[in-house]
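Full structure from sequences and hints, please.
Sequential numbering from 1 applies to the sequence shown in the working numbering.
Hints are supplied without guarantee of correctness; some may be wrong.
Pair by pair, the computed Cβ-Cβ distance ranges are [claimed, not checked]:
id	residue 1	residue 2	range
1	Pro194	Gly10	32 to 40 Å
2	Lys258	Gly10	32 to 40 Å
3	Gly36	Asp70	13 to 21 Å
Subject to a maximum C-alpha distance of 20 Å in a straight line, what follows is the list of computed SDA-like cross-link-like pairs (lysine to any residue) [as the list claims (entries may be wrong)]:
id	residue 1	residue 2
4	Lys256	Gly223
5	Lys256	Ala31
6	Lys258	Pro33
7	Lys256	Arg66
8	Lys258	Asp221
9	Lys258	Arg32
10	Lys258	Pro67
11	Lys256	Asn174
12	Lys256	Gly36
13	Lys258	Glu37
14	Lys258	Arg206
15	Lys256	Arg211
16	Lys258	Glu34
17	Lys256	Arg212
18	Lys258	Asp215
19	Lys256	Leu218
20	Lys256	Ala224
21	Lys256	Glu34
22	Lys258	Gly36
23	Lys258	Gln35
24	Lys256	Pro33
25	Lys256	Ala63
26	Lys256	Asp221
27	Lys256	Arg64
In case anyone wonders, no lab produced these hints; they're calculated from the structure.
All of these numbers come straight from a predicted model, not from anything done at the bench.
Glycine included, each C-beta is placed from N, C-alpha and C at the ideal position.
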Amino acid sequence: MLRRPAYLAGQWYPSQPNACREAIAAHARSARPEQGEWRGLIGPHAGWYFSGDAAARTYAWLARARPDADLVVVFGSHRGPEGPNTVFRGDVWETPLGDLDNHRALADGVAQALPLQDEPVTPRHADNGVELHLPFVRYFFPQARLLMLGVAAAPAAVHVGEQVATLSAAHARNPVFVGSTDLTHYGPNYGFEPHGRGAAAVGWVRRENDRRFIDAVLAGDEGAVLRHGVETHGACCPGAAAATLAAVRTWGAREKPKLVDHYLSCDVQPNSSFVGYAGIIL
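Structure representation (structure tokens):
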């Protein structure tokens, strides 16, 4: 059996089952999910100390809308415009809350229909871009199987999302689609300081750079999502976000996207280097 380990458990999020459940419940405690027919979400993937609130609150919205989801498709991974696009064709992703079974038949079908490389079962480097979401998937959708894809920040991301949604129809009755991305990475740690440091820089990220990416998602503009992510560093995984929008649209979106949460890591812990986090229900 091909198993992908939870490499970052105990570092970026709790490794013990009870502690993991308690952390998710605490992060989601202030969620106020509205009734609706949402089909997906875009959420962050930093350590839970920083981005857990935004992620858990948004998952709570999706779980209310689709409590019986039988498939969770996660688009993620840190991929630039050159890719590669990948699909996981192993058996299991491990989480502290139990294994997530991979939908092998669907993964094989996607791999045949699209020019995708295999996502490694044992990667050279741990990638928080998917792993940080998986305990939330297991907690909120314990009955669902998983499909994971790594998506490049390129126009082909839209086609990937469309094809995955189309192919999912033969394998799942009620799928949901998740896009994993953080927003602006600002400051000396990231080599990106177009507005210097201090309050002006924080304000620019919060009200302008992050907001332009958020507004592109809210408008369902997949092209703008990709452009803003790549050209102005408004998101680290814009391909994943664009693919998710395309998948939800293709399946048949019934609700307009809605911003659930948005804040910066420096709101949690002040620092001259900081990252934006948003949770958006689709």
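Status of each hint after checking the structure:
no. : hint                       : result
1   : Pro194 - Gly10: 32 to 40 Å : holds (36 Å)
2   : Lys258 - Gly10: 32 to 40 Å : holds (34 Å)
3   : Gly36 - Asp70: 13 to 21 Å  : holds (19 Å)
4   : Lys256 - Gly223            : holds (17 Å)
5   : Lys256 - Ala31             : holds (19 Å)
6   : Lys258 - Pro33             : holds (11 Å)
7   : Lys256 - Arg66             : holds (16 Å)
8   : Lys258 - Asp221            : holds (14 Å)
9   : Lys258 - Arg32             : holds (13 Å)
10  : Lys258 - Pro67             : holds (19 Å)
11  : Lys256 - Asn174            : holds (19 Å)
12  : Lys256 - Gly36             : holds (10 Å)
13  : Lys258 - Glu37             : holds (12 Å)
14  : Lys258 - Arg206            : holds (17 Å)
15  : Lys256 - Arg211            : holds (17 Å)
16  : Lys258 - Glu34             : holds (10 Å)
17  : Lys256 - Arg212            : holds (17 Å)
18  : Lys258 - Asp215            : holds (10 Å)
19  : Lys256 - Leu218            : holds (7 Å)
20  : Lys256 - Ala224            : holds (17 Å)
21  : Lys256 - Glu34             : holds (13 Å)
22  : Lys258 - Gly36             : holds (11 Å)
23  : Lys258 - Gln35             : holds (12 Å)
24  : Lys256 - Pro33             : holds (15 Å)
25  : Lys256 - Ala63             : holds (17 Å)
26  : Lys256 - Asp221            : holds (12 Å)
27  : Lys256 - Arg64             : holds (16 Å)
The structure agrees with every numbered hint stated previously.
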